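There are 2 protein chains.
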Amino acid sequence: MAMRDLALAKVYQLLEPGPVVLLTTSRKTKGQDRANVMTMSWHMMVEFEPPLVACIVSGANHSFAALRATKECVIAIPAAKLAQKVVKVGNATGAETDKFAAFGLTPLPAEQVAAPLIAECFANLECRVVDTRLTNRYNMFILEVVKAWRDPRQKNPRSLHHQGYGRFAVDGRILKLASKMR
Amino acid sequence: MAMRDLALAKVYQLLEPGPVVLLTTSRKTKGQDRANVMTMSWHMMVEFEPPLVACIVSGANHSFAALRATKECVIAIPAAKLAQKVVKVGNATGAETDKFAAFGLTPLPAEQVAAPLIAECFANLECRVVDTRLTNRYNMFILEVVKAWRDPRQKNPRSLHHQGYGRFAVDGRILKLASKMR
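If you read the protein sequences in the order shown, they are chains A and B. Here the first sequence is numbered in my numbering, starting from 1 and rising by one per residue. Here the second sequence is numbered in my numbering, starting from 1 and rising by one per residue.
Hints should not be assumed to be uniformly reliable.
Chain copies aren't distinguished; within one or between two, either way the pair holds.
The list that follows gives simulated cross-link-like pairs (lysine to any residue, SDA-like), each with its CA atoms no further than 20 angstroms apart [claimed, not checked]:
#1 Lys176 / Pro107
#2 Lys81 / Lys147
#3 Lys71 / Thr135
#4 Lys155 / Val170
#5 Lys147 / Leu177
#6 Lys176 / Ala69
#7 Lys88 / Ser179
#8 Lys88 / Glu49
#9 Lys10 / Phe100
#10 Lys88 / Arg68
#11 Lys147 / Glu47
#12 Lys180 / Arg4
#13 Lys88 / Gln112
#14 Lys155 / Glu49
#15 Lys30 / Asn156
#16 Lys155 / Gly172
#17 Lys30 / Asn91
#18 Lys180 / Gly31
#19 Lys28 / Asn136
#20 Lys81 / Arg173
#21 Lys88 / Pro109
#22 Lys30 / Arg153
#23 Lys85 / Gln32
#24 Lys28 / Arg173
Calculated directly from the structure, the hints in this document are not laboratory data. In this text the structure is predicted, and so the values were computed from the model without any measurement.
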């Protein structure tokens, strides 16, 4: 696989900037493993190491039940060139569609979870649900990233930031300022 | 004041893209109200309306105790031109410094909370803490935005996305794609 290990201590540098991400799950349905993928912007870092991430997955999403039942998922981070696919994934439901096949996304086996990586994304984070105390109240899950992957062929990827109704800001220039802040 | 009302239903469009924000608090110290400000990237939307926001405020931050005690804060969103100040705020502690005075940020009275707005920021969100169930475990606060302000003089502000150690992606080009996603 072209994806390479990424140190867990560096995961926050991918999620802290607030990119739109894809979240994959896999669940046995009628005896067969069935993978699904959704688009997500409501996530944040909670802890550096081990990396903990909070996210909101609406109960209206087909992925919600799979995430709650299997307690596993992958967070895949798309670069801007995948914007059209990201929007299509967000506008379709996994109840009716195999979104990987329909939108040309390639599932790859993960190492520690049943949910698939996405080959086209520049980073993939294998996650386990570690806290569901706020799931009933806010649809919030606390995830631990147990394995992280980075595609070294995608240099300086620009991520997408959703501003509502299909409007995205794409990462532009990079500012480097002297800072003690990790 | 130059700030104008922003509909609460539109607040998510400001925070969902994952900008670096400034968080202000105000707390009585030796009989005097004392305002403080910190830099924050670990936040996410939790609900559209009323707008709920989750955030992580490290116990190492001077603001943590003020937020826990007063249950009020303001989330102020800086455009890229404030990057130097954002970094200075993040590298100083409110225990020793009046960061507003030291870094040239202008506190303005809020309408519903004691914490100040920041005049230089293009948006200001007055917040109340509504859930502290995960505060002890993760330093997480759930905030409700009770009043939102937008500076109409700052057109198309570009926000900042921290990638670690003073490296920021600045919003670049805007992509508009047909989407049903709110």
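Results for each hint:
1. Lys176 / Pro107: neither (35 angstroms within a copy, 27 angstroms between copies)
2. Lys81 / Lys147: Cα proximity of Lys81 and Lys147: none, with 25 angstroms in one copy and 36 angstroms across.
3. Lys71 / Thr135: within (12 angstroms within a copy, 23 angstroms between copies)
4. Lys155 / Val170: both (15 angstroms within a copy, 17 angstroms between copies)
5. Lys147 / Leu177: This pair counts as neither: shortest intra-copy Cα distance 30 angstroms, inter-copy 32 angstroms.
6. Lys176 / Ala69: This pair counts as neither: shortest intra-copy Cα distance 42 angstroms, inter-copy 35 angstroms.
7. Lys88 / Ser179: between (39 angstroms within a copy, 8 angstroms between copies)
8. Lys88 / Glu49: neither (33 angstroms within a copy, 25 angstroms between copies)
9. Lys10 / Phe100: neither (28 angstroms within a copy, 32 angstroms between copies)
10. Lys88 / Arg68: neither (24 angstroms within a copy, 41 angstroms between copies)
11. Lys147 / Glu47: within (15 angstroms within a copy, 29 angstroms between copies)
12. Lys180 / Arg4: The answer is neither: 28 angstroms in one copy and 35 angstroms across copies each exceed 20 angstroms.
13. Lys88 / Gln112: neither (28 angstroms within a copy, 40 angstroms between copies)
14. Lys155 / Glu49: neither (25 angstroms within a copy, 38 angstroms between copies)
15. Lys30 / Asn156: neither (42 angstroms within a copy, 50 angstroms between copies)
16. Lys155 / Gly172: Both, since 14 angstroms and 17 angstroms are each at most 20 angstroms.
17. Lys30 / Asn91: neither (25 angstroms within a copy, 55 angstroms between copies)
18. Lys180 / Gly31: Cα proximity of Lys180 and Gly31: none, with 52 angstroms in one copy and 33 angstroms across.
19. Lys28 / Asn136: For Lys28 and Asn136, the Cα distance exceeds 20 angstroms both inside one copy (23 angstroms) and across copies (36 angstroms).
20. Lys81 / Arg173: both (17 angstroms within a copy, 13 angstroms between copies)
21. Lys88 / Pro109: Neither, since 23 angstroms and 44 angstroms both go past 20 angstroms.
22. Lys30 / Arg153: The answer is neither: 38 angstroms in one copy and 57 angstroms across copies each exceed 20 angstroms.
23. Lys85 / Gln32: neither (25 angstroms within a copy, 54 angstroms between copies)
24. Lys28 / Arg173: neither (44 angstroms within a copy, 41 angstroms between copies)
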